[in-house]
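Each protein sequence line maps, in turn, to chains A and B. 331 is the number that this note's numbering gives to position 331 of the first sequence; each next residue is one higher, with no gaps. 21 is the number that this note's numbering gives to position 21 of the second sequence; each next residue is one higher, with no gaps.
Don't take every hint at face value.
As the list makes no split between identical chains, a pair holds if one copy fits it or if it spans any two.
Claimed, not checked - Listed below are the simulated DSS-like cross-link pairs for lysine-lysine, each with C-alpha atoms no more than 27 Å apart in a straight line: (1) K101 <-> K344; (2) K120 <-> K344; (3) K160 <-> K388; (4) K61 <-> K218; (5) K101 <-> K218; (6) K101 <-> K223; (7) K287 <-> K388; (8) K225 <-> K101; (9) K225 <-> K87; (10) K223 <-> K87.
These aren't lab readings, by the way, just hints derived from the structure by calculation.
2 protein chains.
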Amino acid sequence: MSIRSFHPPVRTLMGPGPSDVNPRILEAMSRPTIGHLDPAFVAMMEETKALLQYAFQTKNKLTMPVSAPGSAGMETCFVNLIEPGEKVIVCQNGIFGMRMKENVERCSATPIMIEEEWGKPVDPTKLEAALQENPDATVVAFVHAETSTGAISDAETLVKLAHEYDCLTIVDAVTSLAGSPLKVDEWEIDAIYSGTQKCLSCTPGISPVSFSERAIHKIQNRKTKVQSWFLDLNLVMGYWGNNAQRSYHHTAPVNALYGFHEALVILQEEGLENSWQRHAHHHNALKAGIEAMGLSFFVDEEHRLPQLNAVTVPEGIDEAEVRRILLNRYNLEIGAGLGSMAGKIWRIGLMGFASNETNVLNCLAALDGVLADMHADIQTGQAVRAAKGVYSA
Amino acid sequence: MSIRSFHPPVRTLMGPGPSDVNPRILEAMSRPTIGHLDPAFVAMMEETKALLQYAFQTKNKLTMPVSAPGSAGMETCFVNLIEPGEKVIVCQNGIFGMRMKENVERCSATPIMIEEEWGKPVDPTKLEAALQENPDATVVAFVHAETSTGAISDAETLVKLAHEYDCLTIVDAVTSLAGSPLKVDEWEIDAIYSGTQKCLSCTPGISPVSFSERAIHKIQNRKTKVQSWFLDLNLVMGYWGNNAQRSYHHTAPVNALYGFHEALVILQEEGLENSWQRHAHHHNALKAGIEAMGLSFFVDEEHRLPQLNAVTVPEGIDEAEVRRILLNRYNLEIGAGLGSMAGKIWRIGLMGFASNETNVLNCLAALDGVLADMHADIQTGQAVRAAKGVYSA
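In isolation and in its complexed conformation, chain A is listed as follows (with noise of 0.2 Å):
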């Protein structure tokens, strides 16, 4: 056996992420390691918690980067505030809601299901019903921004009903955290979850969390240990809590921080604001180009993510083999549906770094000259321009 140093090709990243990083943020995560207890690695992780506070729009003390992907984030939100026995309500209406009743299930609690046709946002009405139906519910999940369909829910509705039936919340903001409004105190969202990979274009492997003063209530006054040692809160908070003495938890992954503080400064830097409407912006030069082809979109307009466009693949073309032209001739990866959407829908991401006018030009370039050698109905040729009389307008 000899197997040498792995050199990656060179991609464009427009699938549901990773998203394209941005090179402050690889040279960020190359410098040199130091120690999880050293002064100055204490003193960054202060700045990231402050940085996370200004992307969540909160003051939320116990805000932190999770030392794990965003599914360890999810399951840390749910591990934590559930107790085996509990009724949680959770709102589905794509994969990751489907992730949620597997996170209740093994917290040992039932989950109440509120399904909902994939492509839709989570419905208030239903909420309210099963709040009406299910009194003894003590939490309500639910996905801000569906990865698998690219719909948007309306976070501030849903969270404020559960709260009139005194339930806390857990909020997925995977996709939506830094691509699309999101203020994590003027909802007053209990727990929210998300990832590095998607708008904050940092590399995966680190999980944004934020957790309200009720949320830490109930954690602290738990009458059953958390049944995850390494995601127990309550451990946790030694390491990235405010006291003066940091206990050891975990080793931190020094280097993935180091770029996650990166990506946080990039954001800060740009302002939060100026990044939802850059999302907006590219958004709408990407669907005048969809359009143009004649091809779809699989969320209604009103309910569209800008940073994450489902599209309907036309009749008759092999979903598949487009993408492996795509990556094979361009270097240009775009997502594949997931679960029932599986052949069905192209998921285009334009998140963080990636969404900017070069990609959409690009993608909508190569996906149009892929589709006109394959024969599919669409106008080919019109694209590009269409997108560029929403950059020149």
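Place chain B on chain A using the hints.
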């Protein structure tokens, strides 16, 4: 708020980990991110598994990195292998044995504790007595190389005993992998986890694990679901397994895995046995210097880890002040004692890339100087010469 990019100080890392990272690994981590389902990435995953099989000396198919630090690797072993109500014998001779107990309890299982004085290896006769007393025990768990004390236990003998009583084995090899002889197949270990930031000299954040066919059989035939969705190997295998079609489970930490792959390539280049010998060699030089100062080791020579040297703090010396001066004046990090060892020992790591002559001599020179300035009762000025004697022998 205006927070700027973080530029860490350049340290020499001779604590209990993270250890000095080979610059090749830092450079590898900064390579362009690609998708976690990209064919080029999947090919790299296959190489990583093969390299890791070599490092663990195993042919176990289920040999892969968990996408989170060593603590999550530990939890992966426990939550997958243990079902509620089982009896698990935990051999404890330091901090990490205590964590194993926490893991067993959080799996709703019953830990049977075999406690050993800290700094001593696990005693096989005590294990055998516990196995006889608890014929219904299903698993035996122990730490191969205790990072909190620097003591090594006889893993081969302990596993053999466990198997005689039909128990599966979970072994913590966080500090031993690549630093001390470790032979997963020859010793018939069933489940093993390690870290990246010790003798592999990689950045923290990933936990290599390996499972025998016996272990996989148990995992695939569980009566209850694994309590962690993120760590459920039945699901993770869909992504890391040998199936042609990789199914998405969570988004892998792509760039951290570039670094891990590079760390394993470096180990393959050096050769595993050469790496073990290098760790032993530099330990001998450090030992000569430490003893020349008149300081003593906490662990008996026979059970002493070469890569983690627990040195007893001399009477009347403020150990934290010594570490502070080493860090601030020499950019040199050594470790403190954990738990009941706090204030009593230093932990000097000679792990991976950090296990070299320059580090040994610099550490001895700095420690000798700082202790002399503090009027410690040591023989000053002899340490470096003694270590050099080993190198020139």
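Status of the hints after comparison with the structure:
In the homo-oligomer, the alpha carbons of K101 and K344 lie at most 27 Å apart inside one protomer (24 Å), although the nearest pairing across protomers, at 48 Å, exceeds that limit. For the homomeric pair K120 and K344, the shortest alpha-carbon distance inside one copy (16 Å) is at most 27 Å, but the shortest distance between copies (61 Å) is not. For the identical chains of this complex, K160 and K388 are neighbours neither inside a copy (41 Å) nor across copies (70 Å), given an alpha-carbon limit of 27 Å. Taking the shortest Cα distances, K61 and K218 sit within 27 Å of each other inside one copy (15 Å), while across copies they are farther apart (42 Å).
Taking identical chains as interchangeable, the C-alpha atoms of K101 and K218 lie at most 27 Å apart whether they share a chain (21 Å) or sit on different chains (25 Å). With identical chains, the CA atoms of K101 and K223 are at most 27 Å apart both within one copy (22 Å) and between copies (19 Å). Within a single copy, K287 and K388 get their C-alpha atoms as close as 11 Å, which meets the 27 Å cut-off; across copies the closest is 70 Å, which misses it. With identical chains, the CA atoms of K225 and K101 are at most 27 Å apart both within one copy (21 Å) and between copies (13 Å).
In this assembly of identical chains, K225 and K87 lie within 27 Å of each other by CA distance both inside one copy and across copies; the values are 18 Å within and 19 Å between. Both within a single protomer and between protomers do K223 and K87 lie at most 27 Å apart by alpha-carbon distance, with minima of 16 Å and 23 Å respectively.
Hint 3 from the list above is the single one not met by this structure.
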